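Participant: In case you want the letters, here they are:
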Amino acid sequence: MTQPVSPPRDSSTDKVPQARPPAWRGLPARADVRTLSLLGVLAALILIGGITKPDEFLDSRNLQLVLTQASVIGVVTVGMTFVIISGGIDLSVGAIVALASVWATTVATQEYGFAGILFTAVIVGVGCGLVNGVLIAYGAMVPFIATLAMLASARGLALQITDGKTQIVTVPSVLDLGERDAYVLGVPPLVMVFAVVTVIGWLVLNRTTFGRRTVAVGGNPEAARLAGIDVRRQRLYLYLLSGLCCGIAAFLLIVLAGSGQNTNGNLYELDAIAAAIIGGTLLTGGRGTIVGSVLGVLIFTTITNIFALNNLQSDVQQIAKGAIIVAAVLVQRRTASTT
Amino acid sequence: MPEITSRRGLLFGAAAVSAGALLTGCTSNEPSDSGDEPAGKDQPVADDKPGKQVTIGFAGPQADHGWLNAINDNAKSRAEKYSDVTLEITEGSNDTAQQIGQIETLINKKVDVLVVLPADGKALTQVGLKAMRAGIPVVNLDRIFNTPQAYRCWIGGDNYGMGLNAGHYIGEKLKGKSGARVIELAGLDNLELTKQRTQGFDDALKNYPNIKKVARQAAEFTVESGQAKMAQLLQAQSKFDALWNHDDDQGVGALRAIEQAGRDDFLMVGGAGALSAFQAIKQDDGVLKATVLYPPTMAASAIDLARALGQSKGIGGLAEFEIPSSLTLYSAVVDKTNVDQYMSTGFK
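These protein sequence lines are chains Z and F, in that order. Heads up, the first sequence is in UniProt numbering, so the first residue is 1 and it goes up one at a time. Heads up, the second sequence is in UniProt numbering, so the first residue is 1 and it goes up one at a time.
Treat the hints as calculated values from the structure; they're not laboratory data. Hints are supplied without guarantee of correctness; some may be wrong.
Unchecked claim - Taking beta-carbon pairs under 7 Å as the criterion, some of the chain F residues facing chain Z (in silico):
id: 1; residue: S83
id: 2; residue: Q227
id: 3; residue: A231
Since the structure is predicted, the reported quantities are computational estimates derived from the model, not experimental observations. Even glycine gets a Cβ: it sits at the ideal position worked out from N, Cα and C.
Turn these sequences into a full structure, and let the hints steer you where they fit.
Facilitator: See below:
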């Protein structure tokens, strides 16, 4: 369960006390209705999957598959959630994932083995985030434009590095991480990374001053500034954080796909924004939860999984996906307003 | 190839050339093999003798993936082979307006012949027409213009044939196996070529009543999407006998998913002809047993055609005085038996 992060002004409409007292001492006593309704949507999807394809869907291998497929975009979405809560947007996440994944898989980088690939992916992500952050926080650029520019440049640079070629990873230790043998107690390493990033993201947002500042900056930047928050530095850190998440995601993608390609991370920005919004993050900033965003990602991945298992074709998939987004948001809004 | 002197004999001879040799050199007396470029193998280039100087303008899309990259390489290295050819190559662009501008610049420069691989065939029809009206013959490469008026000669791949040949290959491999199950990992579904490939595949499978296509999912020609969709397909189909994957680039991801799932109980056929696929076929230690070509050597042939047009010559190996108005390439199946022949054409 999560503790909602809201500025005081709209907290009364967003939160309701949980019906029964908390089962565990120390965990948050209140649950966001939005989060509960998301769980309902996810449960409904699981029901649909279980009815239509009981053997294939309700299978531990399928659970591993869904969580693995969710982990790359999931890590990106955690970073995106912070940025959106602060009232910003990061359109460059997909391009940064692409750039980091190709930079980390060049022949030269691969010579440095596992550590070289991991380090490069993370550093490239952080570097791009730094540029975004400086442009937005100190260059006073609108986040939409600054990150759009980064989207274009990073994609271009990724293309220049690969020359359009697929860079196949040959470092065994990296490849092994994506194999079944690397699963610990049935949990794929990629999923573990996703889980760790989610937990850290939740802690940072809900249990640190950094998290509270993020919400404050998104809720009312002027009030935040008057309250003594260094708004610009906070913004810089947030885009750095998003870049860091992209770097980690790029490494996960390298492990998953065993390669780097300049087409990687295609439209991640839209997927991550959609997951965050479905998860209850306000596009105007000031409110949002990590748990909601992660549930949003899981909902999308589960939909894709159910569609594929039922062999639905792309046209039907896209129509249904659009309808489900609308339905999920409507259900959420209704639950939030009636309780 | 034996030299055959009569015209009918020539025609017959050309038909007898092995798969892939459908691509013929332009002014040659000898059919050239599609498999000889760009790696600069030793096959003689069609009529190496320098003729009239020809300036060829080449405009293609941005080479953002392996196949398109190979298209550019093939065109460049083929042009370099001819001392009488000057190649004016534009910076590739996926932006229709930009590509139109680039082609107009080439028209204004008064190049002798244009080779155009449009980012979007329909959208570039007008500029093709403009070039033709200005007296510049256009060789339309692969993505076809709206009207035959916009090009002198079209040369391109056969998407329907790709599916057909993949289907026949799989059909023959599974012959005699009753209740055989086949799945298809298609490319980007909003492209017409994907529909054509699937249509060809389905039509071929109709010849084999023992085979049923049980699933089809579309990826996006990228490694990432190939891995994701293949992982889902493997989960959906616990048992099947053969898989056709439309594209070797996404095949890298598909193979990764197959490896991750620990599956090896089926045969896989790829598409396009990437180097990594050829290498896997040659090694023969995985599921990938064959791939059907969508040969990037077509760009080299387009240069040959453009040169012949510029020099007002016919095409070697055919009785015709004029270059054909359209050339559809054959999608040969490359498997272990002939992979060495095609290795040098594989793209990265």
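Participant: Which earlier hints can't be squared with this structure?
Facilitator: 1
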